[in-house]
Amino acid sequence: MKFRKYFGLRLVTWALTILIGVTFIFFIPRMFPTDPVENMIGQIQNRSGQMDPTEMAALRRSLRLQFGLEGSLWEQYVNYLQKGLLRFDFGPSLMSFPTPAGEIIGTYLPYTLLLSLTSTLLAWVVGNIIGLLAGFRKDKRSSKVLEAIAICIYPIPYFLVALILQIVFAFILGWFPLQSTINSMGGLGAYLSSLLRASALPAASLLLVGTGWWIISMKSLSAATAEEDFVQYARFRGLSEGRIGTGYVMRNSILTQITALAMSLGGAFNGAIMTEIIFSYPGVGTLIQKAILQSDYNMILGCITISIVAIATATLIADLIYPFIDPRIRYS
Amino acid sequence: MLKIENLCASYHTIDGQVHVVKDVHFDIFDNEVFGIAGESGCGKTTLLRVLYDIIAYPLQIDSGRVVLSGEKKGQPFHAETGNIRKAWWKHVSYVPQAAQSVLNPIMKLKEQFLDSIPLSDRGEESKEQTLARVQAYLEELSLSPDVLEAYPFQLSGGMRQRAIIALATFMAPSLILADEPTTALDVVVQRGILMMLTRLQKQYRNTLVIVSHDMGVHYQITDRIGIMYSGSFVELGPTAELFAEPLHPYSRMLISALPVVGDKSQRVGIPGRPPSLKDPPPGCRFAPRCPQAFERCTQEVPRFIQVRPGRFAACHLLKEEVGAHA
Amino acid sequence: MKKFWRNANGRLKTGLIMTAIFLFIGFVIYYIPHVNPFFQNTYGRKLPPSGTHPLGTTSLGQDVMWLLIEAIHNSLTIGLIVATIGTVVGVLVGLVAGFSGGLTDRALMVVTDTFVVIPSLPILVLMTALMRGNSTVVLLALVLAMFAWAWPSRQIRSMALSMKERDFIQTAWFSGEGTMQVVVTEILPYALTWSLSNFMNATLSAIASESSLAVLGLSPGNLLSLGNMIQWARDRNAIFARQWYWIGSPIVATVLLFIGLFLLITGYNDYLQMKRGR
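Protein chains in written order, with the working numbering: chain A, 1 to 332; chain B, 1 to 326; chain C, 1 to 278.
Simulated from the structure, these hints should not be mistaken for laboratory data.
These numbers come from a predicted model, not from an experiment.
Using N, Cα and C, we set each Cβ at its ideal position, and we do this for glycine too.
In silico DSSO-like pairs for lysine-lysine, Cα to Cα no more than 27 Å straight-line:
no.	chain 1	residue 1	chain 2	residue 2
1	A	K5	C	K164
2	B	K278	C	K275
3	C	K275	A	K140
4	B	K86	B	K110
5	A	K140	B	K86
6	A	K138	C	K13
7	B	K108	A	K5
Derived DEER-like restraints, expressed as beta-carbon distance ranges:
no.	chain 1	residue 1	chain 2	residue 2	range
8	C	K275	A	T246	29 to 35 Å
9	A	D229	C	A107	36 to 42 Å
10	C	I29	A	M56	54 to 60 Å
11	C	P189	B	Q60	36 to 42 Å
12	C	P189	A	N79	49 to 55 Å
13	B	G272	C	L188	41 to 47 Å
14	A	D229	B	S256	32 to 38 Å
15	C	I32	B	Q60	55 to 61 Å
Residues of chain A placed beyond 10 Å of chain C at every Cβ, according to the derived structure:
no.	residue
16	Q43
17	R64
18	G106
19	L109
20	L114
21	V126
22	S184
23	G187
24	L196
Next comes chain A alone, as it looks inside the complex:
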C-alpha cells in the first residue's frame, strides 16, 4: 500500500518539477526589458538598411508569431505548454530558418545523452567501488592517497578540468584532437572510431570529476556504515571480511548513493554542457552556445525545456528504482 503511495508521490513530484521549471523559464524572458523581436528587427535593419513601415509591421507580426509572443500572456503560456512541453515544438530555429528547433535538438541530443549518461554511470560505479574499499580499509595508505587525489580533483569546475586536459593531452602531447569532429560520411567504422576519439577527452573530464565525488562520499558513508551494530555483529558471527564488505557495508551504503545519484544528475548535466563547449563536442551544450551567439531564442528555450524534462525524468527513474532495492520502503 505504501509502495503505491510512494510511486504516486514521485510521479506527482516529477510533474510538478517540470511544470515549475518550464513556467520559470517561460516567464523569465518576459520579465526582461530586452525584446528578442526588436533585437532581430534591429539586426535585419543593420544588414539591409531602412525598411518601409508596412513591411516592418508585417515582419514584426510574423516574428512575434514565430517567437510565440502573440496574444495575452496567458494565451502564450498555454500555447507554450501545449506545443513545447507536449510536442517539443518550439517554433522554427532562427539560425537555420525554417528548420524547427525541436528537430535540430533531436539530432544533437543523442550525443549529449551518450556522453553524460555513460560517464555519469561509469563514474558512479567506479567511484563507489573505490570509495567502498577506501572506507572499509580506511587506515590503509592506498585509501588515503586515493582520497587525497579525489579531493584535489572533485572541487575543480568541469570546464576547468576539461580545459586542463585539452591543454595537456590535445595541445602539448597531441594525443587527441583539439576539437571534436565526428566523421559521419565514411561509413560505420569511420563514424565509430571518430566518435570514440572525439568523446575520449570530454568523457575523461566528466569521469574524473564525477569519480572524485563518488569516492569522497562513498568513503565517508561506508566508513560510517562499518561502525553500525549489524556490521559489528556480522563480524561476531564469523563472516569473512569480503562478505561483510559486499553484503553488509556496500549493500547498505549503496542505497544512499542511489538517491544521491538522482540528486546529482542536474549537476552532471551542467558539467556535460560545459565540457562539450570546451571540446566543441556536437551535443546540446555546443548547440546552446551557437544559439546564444546568434540570438536564437526558440532554440535556447527548446534546449532548456528538453533538459529540464530529461533531468526530471532521469531523477524519477532513479527514484523509482529505489524501492526495489530498499525493502523498508517496499513493505512497511
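The hints should help you fit chains B and C onto chain A, whose structure is shown.
Below, chains B and C alone, put in the same frame as chain A:
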C-alpha cells in the same frame, strides 16, 4: 569449558588508561548456566567481550588470558585469547542485546542465516537443503519458518531476539555468551526468551554465560553467579546458596533490593554511585558505599578467596577456608 | 582560538590556510596602489616574467599578476555576495517550511526540490543571454543567487524538523516562549553553524557558475573575474602562443582556491561532527 586466568584489561584513551577488568580469575564449567551480575558500568559487558575475544582499540589486555576447551561430537577443541575467533559460531557464539540494529536491515533472515553457516558445515548441500535444516531447527524452537522470509524490521522485538538466538545456536556451539539478552524487552517477552535459552541449554547440555544487571534474571535461570563491582568479582558461588546467604555486603544489598512476593515493606536501593573506573578509591573499591567498612578497607585491597567450598568472595570481613584454592 | 586550532583536523587547517591566503590576496594586497590592469598597452607586450612583472605581461600589454589579483578579488566578491543572499534566503525558507509544516511546508518544498533538481546552467545561460550588453555585476550576482538558496533551504528544513522534536525546544515551547523567540534564541544559533558550511559551498559554486558563464562569453564584459581572465586569454590564443603564465595563472589560482574552499568545507563538517559526537 572456560578458564579465565588473572585477567586484566583496560581502555587506552587520550586521557589515560582506564582499568575495566581487574584481576579476574575463575572457571566456567561444562553444562552450566553462569551469570555475571552487577550495576551498569561495572565492566561486565567488557568482560564478556574479552571472553569472546573481541579486543579492538581502545580495549587492550594487560595480562592474563582466557582458555576455551571442550569437546564437540567427540572432537576436542582448544583455543585461547588471540585465536578464539577461529572458534566463533562453531564452538562459541554471542547473543547481543535485543535491538533493531544488530541484523542487516535490508537482508532477509534466511540470507543472514546462510551467511552464518560456514561452507565447511554445508558441504555438498544445496542452498535449499541448508535452509530446510534451518527451518526444521526453527520449528524445533517453536518459531514459525515464515521468519526466514522476513526482513528484520518486519519482526517484533521479541521475535527478532528469538530469531537471533536461533541464529546463534544453530551450529550447536558448546558455549553461548549472552549480553543482556532481554534488557530492552517487556516482561512477558523477557520470560519467553529466558525459557527458550534455558530449554536450549538443557537440551544440548552446553554452557550458557549470561550477563545481566537484573538479579531476577539470574535468580530464575543461572546455576552459578559472579557478582562484579568496579571491574572485579566481589563474590562468586552457586546461585541458590548465594541468594540464600550472600557473603559480601554488596551482594547482600543487591539481593535485598529485589522485590519479594508478599513482602510489602519498602525496598531499599543501594545508596551512592559506583566509583569512577578512571580514578578508583584505594583499598576495597566498595568501601565508600559499604555500611560495614572499617579502616583496613580503605587501605588494603581484599583478596578474592574461597570462603566455603565453591564460594568465593573478596572482603576483609571474611576468612579464607584453609587448604582450598580458587 | 588556540583550542580550536588544536582540535581542528588536517583538512580544516589546510583549507583555512589556503582560503586565508586567497582572502589576503583578494582583500589586502588588492588595495596596494597599482596601475589598473584593465588598461591595455600599459607595458610592453608578451613580456616574460621579470622583477617588475613577476608573471609577465599579456599580448595586450597588461600586467598578468595584477590582472590575477584583481580577478581573485572580483571572483571572491561575487562568490561572497551570492552566498550571503543564498544562505539568508535559504535559511529563512528552510525554517519557515520546517516549523510551519502542513501545506506551507509542502508547497515550499516542491519549489525547493525543483530548484535542486533542474539543471541550473541552461537557465543561467538563458538569463544572462537575455541581459547581454547591459549585464552588470550586481545583476549577475542576483541571477546566480537564484540557484544558491535551494540546497541550504533543504538542509535547514530537515535540521528544523529534527530540532522540533528535541527536548530543549519542547521545553522552551511549553514554558510559553513565542515561536519567534524560540526560533531566534534556540534555533538560529544551531542553524548558523550549519549554514556556515552551506555558505562556503555556495561561495564555491557561485564562483564556478560565474566562470562557466564567462567561458560562454556571458559574464559581464567589464568584470575582471577568474573565469573571464581565462576566457580572454583563450580568446587571444594564449594557448597557441604558449603564453603559459597568462592562461596558466588563473587556472592554477582557480584550482587552488577551489581545493582550499573544499578542504575548508569538509574539514569544518568533520569538525562539527566530532564536536557533536563528544
